[in-house]
Amino acid sequence: MLMFDREYFEKNEFVKKIYSFENLQCIEDQNDVMHICFNIDINFFRPTGVTITSILENNSNMKFAFHIFTDAVSKKDLEALEKTTVKYKQSCYVYLMDMAPFANFHIKHPRFKKVSYFRLYMPKVLKKITRYFLYIDADLICINSMEAFKKIDLEGKVLAAVSDLPEAVKTRSDFLGLKSGKYFNSGVLWIDTEKWEENSITEKAFSYQGRDPKSFTCHDQDVLNLVMDGDIKFIDEKFNHLGCDGSKVPERCIIYHFFGREKPWNLALTEYDKMWRRYLDISFWDSVDDPLPERKPENYHNFKQAGKFFRKHHNWQNALKCYLWYAILKVRLKIKS
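Last residue of the sequence shown: number 337 in the working numbering, and the count goes up by one each step with no gaps.
Honestly, I wouldn't trust all of these hints.
To be verified - With a straight-line Cα cutoff of 30 Å, these simulated DSSO-like cross-link-like pairs (lysine-lysine) come out:
hint, residue 1, residue 2
1, K128, K204
2, K89, K150
3, K128, K170
4, K334, K296
Stated by the list, open to error - Using C-beta positions, here's what the derived DEER-type ranges look like:
hint, residue 1, residue 2, range
5, G181, M3, 42 to 50 Å
6, S74, W316, 20 to 28 Å
7, K274, Q317, 32 to 40 Å
8, R131, M3, 35 to 43 Å
9, K127, K214, 47 to 55 Å
10, D32, S74, 47 to 55 Å
11, K321, D98, 31 to 39 Å
12, K321, E155, 30 to 38 Å
Treat the hints as calculated values from the structure; they're not laboratory data.
All residues carry an ideal CB built from backbone N, CA and C; glycine is no exception.
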């Protein structure tokens, strides 16, 4: 087992460069600023921009500082972020990270990236800025006021999160051997940086580097659940609704999370998919007009899901069209490989 101590994180430079866009005005008390963090790769700046836009559109009375941890960023995305901060008079910081310290964390599938492990480190950066911050995934939108996050009573716990879906809790907790039998979704985390440091969460999490890849398969989410083993503050589903077609959205839902493989930038079928597209149109990133994905072989699965959606809603013509494209693209992918 690899061991890490505080000295390791103090000596090593994890952040290579910081891009700052500071447009917050009239800050009398730093506690008034809500700090929100993301970890993404270069392909996720547009979804992140949509998430940020949805937050700002629904919270004009609040002050925000966004912190984006990434391994690469384009000039175009930096320009879009700067325009966003100017328009809404908020602040944003982009941290270009060194990937070397994360090299021994494993990834089970190419569509996932090691940048997801950045969330295990970011409290080391945020502790110098604020006591509390919100980590959120980039595949979600805010649909109500964020004020309720700031009112969460952690009751001395390191973090607050929403329990995963019931079937996932049973499966994942059994697989990981969690004594608590509890398992949370790490897509939305309200974190106390002081308690995080007191409990050496980053140090404990980094000790899972180099472990047998079969011992944990849901990456940083499994690692955090292994470290915490249920010793967190579980909060209401409204803070992180794991949405899918047909799911019941809780009253006063704050965060709608596009949970699973199908994302609204690929498919715009449900009411919330279309809401995501509207926030995209408002943002400084390029819009997407077609509700269906590009006809590329790697998108075959999206067409299968679209076919299921249209069949469920008795739209037989579109269902047949999507199933046909699913078959064509799947064959093309096999030929290509």
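Hint by hint, here is what the structure shows:
About 20 Å separates the Cα atoms of K128 and K204, which keeps this hinted pair within 30 Å; it holds. Between K89 and K150 the alpha-carbon distance is near 20 Å, which keeps this suggested pair within the 30 Å criterion. A distance of roughly 37 Å separates the Cα atoms of K128 and K170; the hinted pair therefore is violated under the 30 Å criterion. Distance check on the hinted pair: K334 and K296 sit about 12 Å apart at the alpha-carbon level, within 30 Å; holds.
Look at G181 against M3: about 28 Å separates their beta carbons, and that is not inside 42 to 50 Å. At about 42 Å, the beta-carbon gap between S74 and W316 misses the expected band of 20 to 28 Å. Range check, K274 to Q317: about 20 Å between beta-carbon atoms, so the 32 to 40 Å window is missed. Under the hint 35 to 43 Å, the C-beta atoms of R131 and M3, about 27 Å apart, miss the expected range.
Range check, K127 to K214: about 33 Å between beta-carbon atoms, so the 47 to 55 Å window is missed. One distance hint, 47 to 55 Å for the beta-carbon pair D32 and S74, is violated here, with the actual separation near 32 Å. Evaluation of the 31 to 39 Å hint for K321 and D98 yields a failure: the beta carbon distance comes to about 47 Å. A hinted range of 30 to 38 Å is violated for the C-beta pair K321 and E155, which are about 52 Å apart.
Of the numbered hints given earlier, the model fails hints 3, 5, 6, 7, 8, 9, 10, 11, 12; all others are met.
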